[in-house]
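Participant: The primary structure of each chain is shown beneath.
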Amino acid sequence: MILSERLKKIFSAQKPKTKFVAYFVGCHPTYEKSLDIIKASIDNGTSIVEIGYSTSEASAEGPIIKAAQDRVIANKSSLKDVINLAKEVRDYNKDVGIILMGYISNLFMFPIPNFIEEIKKVDIDGVLVVDAPHELKEENTLRENLKKNDIAFIKLVAPTTPNERLKKICDMGSGYIYCLNYSGTTGVKSVDLSQVKKMVEKIKNYTNLPVCSGFGVKTPQNAKEIASTGVEGVIVGTAFVDYIEKNLDDTNLSKNLGKNIKEFTNILN
Amino acid sequence: MILSERLKKIFSAQKPKTKFVAYFVGCHPTYEKSLDIIKASIDNGTSIVEIGYSTSEASAEGPIIKAAQDRVIANKSSLKDVINLAKEVRDYNKDVGIILMGYISNLFMFPIPNFIEEIKKVDIDGVLVVDAPHELKEENTLRENLKKNDIAFIKLVAPTTPNERLKKICDMGSGYIYCLNYSGTTGVKSVDLSQVKKMVEKIKNYTNLPVCSGFGVKTPQNAKEIASTGVEGVIVGTAFVDYIEKNLDDTNLSKNLGKNIKEFTNILN
Amino acid sequence: MSTEKIKNSLKNGPDELGYYGEGEKARGGFASGETLMPILKNLQDAFEDAIKDKSFIDKFHYYCKHWINRPSPLYFAENLTKKIGGAKIYFKSEHLNHTGSHKVTNCLFQTLLALRMNKKRVLVESGAGAHFSAAAATCSKFSLPILGVMGNTDIRKVNSNIIKAKHYGAKLEAVDGSLKEAITHVLKMWTNDPDSYYLCGSAVATAPFPRIVQYAQSIIGKEIREQCLKHENKLPNEIHACLGGGSNSIGAFHEFLDDKEVKLVGVEGKTSAALSKGTIGIMQGMKTYMIQSKDGSVAEQTKDLPSGINYFSVGPQHSYLKDIGRAEYTFATDDEILDTYKLVARTEGICSALEPMAAVCETIKRAKGKPKDYIIVTSLCGRGEKDLDVIEKLRGSDFE
Amino acid sequence: MSTEKIKNSLKNGPDELGYYGEGEKARGGFASGETLMPILKNLQDAFEDAIKDKSFIDKFHYYCKHWINRPSPLYFAENLTKKIGGAKIYFKSEHLNHTGSHKVTNCLFQTLLALRMNKKRVLVESGAGAHFSAAAATCSKFSLPILGVMGNTDIRKVNSNIIKAKHYGAKLEAVDGSLKEAITHVLKMWTNDPDSYYLCGSAVATAPFPRIVQYAQSIIGKEIREQCLKHENKLPNEIHACLGGGSNSIGAFHEFLDDKEVKLVGVEGKTSAALSKGTIGIMQGMKTYMIQSKDGSVAEQTKDLPSGINYFSVGPQHSYLKDIGRAEYTFATDDEILDTYKLVARTEGICSALEPMAAVCETIKRAKGKPKDYIIVTSLCGRGEKDLDVIEKLRGSDFE
Ligand SMILES: Cc1ncc(COP(=O)(O)O)c(C=O)c1O
Ligand SMILES: Cc1ncc(COP(=O)(O)O)c(C=O)c1O
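Residue numbers (my numbering), protein chains in the order written: chain W, 26 to 294; chain G, 26 to 294; chain L, 1367 to 1766; chain H, 1367 to 1766.
So that you can see chain W by itself, here it is in the shape it has in the complex (with noise of 0.2 Å):
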C-alpha cells in the first residue's frame, strides 16, 4: 500500500524510468538556502525530496551529515522550522514527494499526534524514522495515526534483516520500501551491487512496493549502477550535503548544486 496518492502517481509514472530521490538536512545550512537547494533540486527533475530534521545523538548518522545536523542545532532549526520548510517546498511544487526523516525522539516530544495533525495541514507525502523499529511502542502509534491520515510509513530494511523480519516490515511499510545498502551509516562505505540486487530481489518477493535504495551512492555512474538493480529509485544524500558543506561561500550554491543534481536525474531518466 502506497497510501500518499501523490507518491503513487510519482512510482506509476513511466518517466523517469528510475526515480530520484534526495535526502538533504532541513534548513541547512540556512532555511533560507535549504529552500532555495530544495528547490533547485526540484527544478533538476527530483522526484521525491527527504528532509531531515536534527538530533544531537542520531546514530545512523556518517560525519558528513553529523556535521551538518550540529549546524542545524546550533543555528536552532527544529522540528517545526523543518516543516515549515516543507510547506513552502508544497507551495513551490505539487508534484514533488516530501518525506521528513530522522529520529523518534524530535516526533515523540512534538509530541505525535501535534506531528500528524501539523503534517497534514502541510501535505506531506511520507515519514521515516530512523530509530523506530516496530518493536517500539511510538512506532506502533505513529504508525496507526499515519495510516489514518493517509500519510505513507517509509520503512527501512537493511543487509542483516533476517527473511522473516523482511516480510513484516514490507508489510507493515507503506510508500516504499528504504533499502539501505550497506550496514552502517550514511556516507562511509561504498557499495557492493551483487548484494544490493540479491537484496532487492528479496525486498520484491515480499512486497509491490516500490523500492528505493540509499546509503553510499555517490556519483551518477554508482546511481545508475544501483538502478539496474531493479530498484524504483535511487536515494543520494550525503554527496549533496557534502557539497553544500564544501561550497557554503558560494553565492550560487543552490544554481551550482542543481547541476549536480541534474547529472543524477539525467542518467536515471
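One or more hints might be untrue.
Pairs of lysine to any residue, SDA-like flavour, derived with a Cα cap of 25 Å [claimed, not checked]:
| no. | chain 1 | residue 1 | chain 2 | residue 2 |
| --- | --- | --- | --- | --- |
| 1 | H | K1448 | L | S1509 |
| 2 | L | K1391 | W | R168 |
| 3 | H | K1448 | L | H1432 |
| 4 | W | K162 | L | Q1410 |
| 5 | L | K1688 | W | F135 |
| 6 | H | K1660 | G | F135 |
| 7 | L | K1448 | H | K1485 |
| 8 | W | K227 | L | D1561 |
| 9 | G | K223 | H | N1408 |
| 10 | G | K162 | H | L1760 |
| 11 | W | K214 | L | T1696 |
| 12 | L | K1431 | H | Y1428 |
| 13 | L | K1449 | H | P1511 |
| 14 | H | K1420 | L | E1444 |
| 15 | L | K1448 | H | R1487 |
| 16 | L | K1431 | H | Y1740 |
| 17 | H | K1449 | L | L1481 |
| 18 | L | K1425 | H | P1437 |
| 19 | W | K222 | L | H1432 |
| 20 | W | K34 | W | G70 |
| 21 | L | K1448 | H | M1483 |
| 22 | G | K193 | H | Y1740 |
| 23 | G | K105 | H | H1432 |
| 24 | L | K1431 | H | K1431 |
| 25 | H | K1431 | L | Q1593 |
| 26 | L | K1431 | H | H1432 |
| 27 | L | K1485 | W | E189 |
Keep in mind the hints are simulated off the structure, nothing from the lab. Bear in mind the structure is a predicted one, so any value in this text is a computation, not a measurement.
Since chain W is already given, all that's left is putting chains G, L and H with the ligands on it; use the hints.
Facilitator: Showing chains G, L and H with the ligands alone in chain W's frame:
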C-alpha cells in the same frame, strides 16, 4: 677504667679545668687542610681531637656534618686515610688525645683485627662507634680487642637511656663517657642545661670515668654553661665543621678557625 | 541465579520488547536503527539462552571469584559512622575488585557472552574510563580485540585508565564531548560493523542492554543481602548508590526490589540529574528520563566533575522505579562530592573514585539523627587513582 | 598465629639480639645509635607482648579481612601457564589488597602496635610510595598523624602514590636519592623524635623490624598454604617473590621454611642484587648482604627501574636463608621486567606493578619444561597504577 695512659693524664691535669674536645670530619675538606686544621686546634688548646671517618649512611649526623662527610666520600678519602691523618697528628703532638669516631660499617670491612693493629701502631687513644651498641656482636669483638691493646672504647649514653642500661654502658666504656646532650642528630637542637645536669649527675652515680658532653654546643658561652654541669669535657663539632664548609676558600682557614677554637678553650680554662 | 519469574515481582526484568512497565509508563524499549535490530534480538536470545546454561553461569562465577575477587567486602565505615553520629554506615567495597570498580563484573559477564556468541571483536564506550580499562583487562584475559570510544573531555580527566587499557592491548578512538558522545559514536561504529560485540558499560541504551547489565551487576545486591544478614542479622534499611547510567545502582538495588521495607536511593550529579530534573524522552535507544531540549532535538551538555556520572540520561529501569515510587533519586554537587572525597580519605583511609562520593554525600545527610541500629549500605563503586590529577588541580594534594 | 617455638624450626625468628643464625654467620642485629636502642628494645618487648594478646591479634585479623580484603586470592594464571607451556603458574594476588600492594598488611599490624604503645605520630620511609600510601591510609583510618620520607628519584617515578598519601592526610619530606637515602633520613628523624613510631616498610633495618615485618607479612604464606591445598591438594613446588628489602618474599616464604620440599626463590633488580652480587656488611642497622664499596664507607647507588626493589641491601633473614641454602636468590633486568609486564597485561588482563614482574621473569624461566602438575606460586605484590607514567615514557602506551 680510662685505659689510655694519655687520656688518664689529660683528665687528671688541673688545667684546663674543663677539657675541650673538638670533633672534625677526617680529611675534610681535604687531607692537607684537615691536618692543618687539627694542628691549629691543638695549638689553640684542644685536649682531645675526635676525628671522624665517613660513611654514606651515617644515621646520627645532622645536615652540616653529613655534607662534610659526603664531600670526603666524594674525594674518596677512606678510613685508611683518616688513620694516616691521625698518624701525622700524633707525630705533630704527643700529648693530645686522639679518638677515631664513626660507624661500624667501615671497621667491619677493614676488618676489625687489622683496624686495631693499625691504630695501635699510630698510637690512637680511643675509638667511638656510633652504631655499635653492646648488643652487637661486632661491638663485643671490638671492645675485647681494644681492651687487650689498651685502647679506650668510648661509649655513648643518651637521654633515652634508662638507668639500668646506663649502668651497664658505664661499666663497659673506657676513656670517658660521651654524654649526648639531647636525643637527636648532630647540630640540630639546642641544649636544655638542667636536663644535662641531671644526666651528668646520674652518670656519675654509676662511674668514675670522666664525662664529656656533646651535641648542640655552638658557642663558647654554651660550652661554659655545659662545663658548669660538672662534666670533665665539652665536645664541639658541628660549629667547626660548619665554619670550614662556609670558608672553604679562606687561605687562612686553619688559622682563623684556630682563633675560633681559642675562644672555647679560653673560656673553659 | 534463578531465571524463573515470580508473579508481580519487580525483579522479573523487562518484557520481550525491553519495556519496564506498561502503556504510557513503559520505559526502555528498542529505539534502534534497523541494521542493529536483528543483532539486538539475536543478543537478547543469546543472553536468555546463556543464563539458562548452568555451565555458563558457573564459569561467570568462577572468574568473579578468582579473577575479580568477588565477593567484594561489606565494610563497616566505623569512623565515618562515629563522625556523622546516626545510622550505621556500610560501604559495599566494589573499589576492591580487580581493575578497581564495579564495571569489571559486567565486562566479565558480557565478554563470556561474546565468546559464547563467537564474536571476534569488542566495542565499548566509556565515561570515566573505568569501563574501558575493565573491558580491556577482560578482553585481554579472554583474547578478544577491543576498541574503545571516549570523549576528549573525559580523556583529559582520567588518563591513567586509558594508559592501562592500552597496556591491555586496547585501541582508543577519541570523539569530541563526553560519555553521551561516546555512546552515540560507538553505536555508529557498531552499525558499521554489526558482527562485532558492543559491550555496553551501563544499564542504558537499547534493549537488551539494560537487562543484561542489570543481570550481571545484580551480584552486588545478592552479596549485600548475604553479608548484611551475616553482619547484622537483618536487611539494610537503606541502600545508596550513585548513577551515571545506573549499573552499580541497579546492581545494588535489584536484589531488594521486592523487599519493600528496604529504601533504595540513587544519586546523580547536579547538572546531569535526569531523574530529578529531566523529562521523559527517547534517545540513545531508550525511553527514559533525560536532560534534553523541549523539542527533543538536543541532549543537553552536562558538566559534572565525575566523568562516570556525567551523563544526561539514565537507564530505563531507574525511570520506572522512580515512576512507581520504589526508588528515590536525588543529586549532589561537585563541591559536595569533593568535600566528601576528602572526608572519606581522612576518616576511613579510602581513596575513592569521585562518582561514589555523590552517593556518600546523600548517605551522610540521611544518616544524621538516625538510630544507631539503622543500617545504610552505600556502594563504593570505584577507587580513586583515575581522579587524582583532577582533584589535585582543583583542591591541591594537601587540601589546605 | 602461635608464638610457641618449635625446636630446630627455621620459623622461630631471630634470637633476643635480633640475629638469624649464630656466630660469624649471624645476620641482623641491632646496629643502632644509643638514642634509639632503648626505644628499639621497648618496641621489641611491646611486639612480643602484643602477639601473645589474642584480642590484639583478633583485631589485626578483623581489619585484614574487612578493610584490606584478605585473604587475597590465589589466582591460577591460566593463559600465562598455557603460553609458557610447563609448570602451573599461580599468582598470589596481593595487588588486590586495599591500597594495592602487600605493604598494607604490615602497615595495619604496626599501626595497631603503635596505638597499643600509645604512640602519637608515625614516621615512614618509602621507595615505590606503596608503603607510604598504604601507611597513610592506615594512619588515616586509625587517626594517627604521619610523615613520610622519600627520595626525589622515586617521587618523580611514582607520583600518584604521593598524591594519595597526601589526600589521606600525610606529610612528605623529600630527600635526594632513593629508598636507601629515605631510610637513612627517617632513622635520623626518629632519632630526633624518639617518641614517635617508626613504621618500617620492609623486613630490613635494625632489630626488631625484620622480625615484626616478617610476622605481619607471614599471613601471605599462610594463605598460600591453605589456598594451594584447597585448589591443588598439595603444597606448591616453588614460591617466587621479588625483593627490595624482602617483606613480600619473607611473607610468602616464612610459612614454608620447614617444608624443605618447597623451593623458595627471591628475585632482586640487577643493579641492586645484594644477594647475588653483594658482600656482607653492616649498614642501616643490620648485618646483611649489600652492594657496598670495599671499605664499607659507601652504600652503592643502584638504579633499577622498579623503585620498590631498587635497594642496595636486603633484609637479614634472607641473607641467612641464602647462607644456609634454604632459599635461592637471583635477579632480573629492567628490560626483562618491562617485557614481562607487557606479557602479563596481555595474557592475564592484570596491570601489575613493576616490582613483582621481576619475580615473574624468573617464574617464566623456571616454569618452562616443567611437568604440568608442577606448581609455582608467585607473589603479585602490587598493582601498576603507580608505574603507568614511567612505562609510558619508556615503552609508549601502545607497546608498538
Ligand atoms: C567508579 C564509577 N562509578 C560509577 C560510575 C557510573 O556508572 P553506573 O551508573 O553505570 O554505575 C562509573 C562509570 O564510569 C564509574 O567509573
Ligand atoms: C609493589 C611492591 N612490590 C615489592 C616491593 C618491595 O618491597 P619488599 O621487598 O619489602 O616486598 C615494593 C616496595 O615498595 C612494592 O611497592
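Participant: All hints, please: hold or fail.
Facilitator: Results for each hint:
As the CA atoms of K1448(H) and S1509(L) are separated by approximately 13 Å, the hinted pair is consistent with the 25 Å bound. Between K1391(L) and R168(W) the CA atoms are separated by roughly 20 Å; this keeps the pair inside 25 Å, and the hint holds. About 17 Å separates the Cα atoms of K1448(H) and H1432(L), which keeps this hinted pair within 25 Å; it holds. Distance check on the hinted pair: K162(W) and Q1410(L) sit about 18 Å apart at the alpha-carbon level, within 25 Å; holds.
With a C-alpha separation of about 24 Å, the suggested pair K1688(L) and F135(W) falls inside the 25 Å cut-off, and the hint holds. Taken as a hint, the K1660(H) and F135(G) pair is honoured in the structure, with Cα atoms around 9 Å apart against an allowance of 25 Å. For a cut-off of 25 Å, the pair hint linking K1448(L) to K1485(H) stands: about 22 Å separates their Cα positions. Of the pairs offered as hints, the one joining K227(W) and D1561(L) holds, with about 22 Å between alpha carbons and a cut-off of 25 Å not exceeded.
Our distance criterion of 25 Å between C-alpha atoms is met by K223(G) and N1408(H), whose separation comes to about 23 Å. For the suggested pair K162(G) and L1760(H), the alpha carbons sit about 46 Å apart, so the restraint of at most 25 Å is broken. In summary, the hint linking K214(W) to T1696(L) is not supported, as the alpha carbons are separated by about 44 Å, beyond the 25 Å threshold. Under the criterion of a C-alpha separation no larger than 25 Å, the hint pairing K1431(L) with Y1428(H) is consistent with the structure, at around 21 Å.
For the suggested pair K1449(L) and P1511(H), the alpha carbons sit about 18 Å apart, so the restraint of at most 25 Å is met. Note on K1420(H) and E1444(L): the hinted pairing holds, with a Cα-Cα distance of about 22 Å set against a maximum of 25 Å. Proximity of K1448(L) to R1487(H) is assessed by CA-CA distance (about 22 Å); at most 25 Å being required, the pair is judged to hold. For the suggested pair K1431(L) and Y1740(H), the alpha carbons sit about 23 Å apart, so the restraint of at most 25 Å is met.
Distance hint between K1449(H) and L1481(L) is fulfilled; the C-alpha atoms sit about 20 Å from each other, no more than 25 Å. Pair hint K1425(L) plus P1437(H) holds up; C-alpha atoms about 22 Å apart against a cutoff of 25 Å. A C-alpha spacing of about 52 Å is found between K222(W) and H1432(L), which places the hinted pair above 25 Å, so the restraint is violated. The straight-line distance between the Cα atoms of K34(W) and G70(W) is roughly 15 Å, inside the 25 Å bound, and the hint therefore holds.
A threshold of 25 Å between alpha carbons decides the hint, and for K1448(L) with M1483(H) the separation of about 23 Å falls inside it, so the pair holds. The straight-line distance between the Cα atoms of K193(G) and Y1740(H) is roughly 55 Å, outside the 25 Å bound, and the hint therefore fails. Of the supplied pair hints, the one linking K105(G) and H1432(H) is violated, its CA atoms being roughly 57 Å apart against a limit of 25 Å. Restraint check: the Cα-Cα separation between K1431(L) and K1431(H) comes to about 16 Å, which is no more than 25 Å; the hinted pair holds.
Of the pairs offered as hints, the one joining K1431(H) and Q1593(L) holds, with about 13 Å between alpha carbons and a cut-off of 25 Å not exceeded. In summary, the hint linking K1431(L) to H1432(H) is supported, as the alpha carbons are separated by about 17 Å, within the 25 Å threshold. For the given pair, K1485(L) sits about 24 Å from E189(W) by alpha-carbon distance, which is consistent with the 25 Å threshold.
Hint compliance for this structure: hints 10, 11, 19, 22, 23 are not met, and every other hint is.
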